[in-house]
Amino acid sequence: IRFSNSWAIGKSVLFSGREDRFNANVSTARRMRPLPPMCSGPTEIRDTFKYINTVVSCLVFVVGIIGNSTLLRIIYRNKCMRNGPNILIGSLALGDLLHIVIDIPINVYKLLAEDWPFGVGLCKLVPFVQKASVGITVLSLCALSIDRYRAVASWNRIKGIGVPKWTAIEIALIWLLSILLAVPEAIAFDMIAMDYKGEHLRICLLHPMQNSDFMRFYKSAKDWWLFSVYFCLPLAVTAVFYTLMTCEMLRKKNGVQIALSDHLKQRREVAKTVFCLVLVFALCWLPLHLSRILKLTIYDEKDPNRCELLSFFLVLDYIGINMASLNSCINPIALYMVSKRFKICFRSCLCCWCLPAEMLMDEKQSCMKLKVSDRASDQTLTTSPSSPIKVPPTSCDCYH
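According to this note's numbering, the sequence shown is numbered sequentially starting from 153.
None of these hints come from the bench; they were simulated from the model.
Treat the hints with care, since some could be wrong.
To be verified - For lysine-lysine, the following BS3-like pairs were computed, each having C-alpha atoms within a straight-line distance of at most 27 Å:
id, residue 1, residue 2
1, LYS202, LYS349
2, LYS374, LYS202
3, LYS276, LYS202
4, LYS262, LYS276
5, LYS371, LYS454
6, LYS495, LYS424
7, LYS454, LYS349
8, LYS262, LYS374
9, LYS262, LYS349
10, LYS492, LYS424
Hey, can you work out the whole structure from these sequences and the hints?
Structure below.
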């Protein structure tokens, strides 16, 4: 079984042995030379991971729908959660939700049923949505990292309730650019028909024979493009702007008024939350990218002793696919664990039926107090040290 160079990038994209054999046959026809004997190990690995991937996909589907829809509801319903960073997080959750609803059920069916009965339209739509979802995640993380640096560098920037105009423009640009970058994926994927074990099968895959020079270049450079832009870019942006943010905080540390301590703690918590999201993204996508880059650099399909290495890459590939799939549902869990505000709102939203009325009221009041503290600290920034600020009596209507 050949290990194809094509990569159906996305969350829960599954490799098929039939696609590998088809690519091997095309390569044979074009080069007119015999190929080494096929390996038997990958067949057993593929059969084992078929059920593992199905279980993981079902888990991601359930947890992802509950977590991301709850996160969107929290941001939409709670006035105290409507700010620039949270709107970007909501955009990220919406991209994950679209992928979960559209792609995961179809990919599970493709894995179990083997045939592709959905036609050319869905064959192009599924990888397009997968790539667009990853693009939204990557660009949103970059925007969040830049926003955290701006928040620390602009000490007198006043936070407000609602969607800032610049954040709305950012989100529109993120979605537009993600859609444009996903267009080559829709062009490259197509359906083929082949006979396998007496059955006539229709297969959706990254077609090995592209028509234009650009698409042929895209297919050959795809793995490196995805690794550099869809993995290294958010990590590099986060590293640069978090380093600048740390230097800015150290530079202004001695000149900062004591009255700003609560305000800085809140901004540090948001920065910690964004850093956690980037770290989760890196951990989830590292195995898959590592598998592809290693395959490009050290795997030789003509090596007669390649079977053990092929089996290792295939195992790493399936592990990477499952890890990347988990990234679609893990962000709400990460927010619950690292952010006090999101933890309070998640508990109030999901556990309102199981919490006592007194505890639920305490949760709501805690969310209100957090926003009141924000307003007080923001007003402190524009007031001289000799003019004390009283906490305003009004509160944020978090649960209306």
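The hints, checked one at a time:
For the hint pairing LYS202 with LYS349, the CA-to-CA distance comes to about 19 Å; that is within 27 Å, so the pair holds. At most 27 Å may separate the alpha-carbon atoms for a hinted pair to count; LYS374 and LYS202 meet this at roughly 25 Å. Proximity of LYS276 to LYS202 is assessed by CA-CA distance (about 23 Å); at most 27 Å being required, the pair is judged to hold. For the proposed pair LYS262 and LYS276, the alpha carbon gap of about 14 Å is at most 27 Å, so the pair holds.
Taking the CA atoms of LYS371 and LYS454, the gap is about 21 Å. The hint holds against a cut of 27 Å. A hinted pair counts as satisfied when its Cα atoms are at most 27 Å apart, and LYS495 with LYS424 qualifies at roughly 14 Å. At roughly 26 Å between alpha-carbon atoms, LYS454 and LYS349 fall within 27 Å of each other, so this suggested pair holds. Of the pairs offered as hints, the one joining LYS262 and LYS374 holds, with about 23 Å between alpha carbons and a cut-off of 27 Å not exceeded.
A C-alpha spacing of about 18 Å is found between LYS262 and LYS349, which places the hinted pair at or below 27 Å, so the restraint holds. At roughly 11 Å between alpha-carbon atoms, LYS492 and LYS424 fall within 27 Å of each other, so this suggested pair holds.
Checked against the numbered hints listed earlier, the structure breaks none of them; every hint is satisfied.
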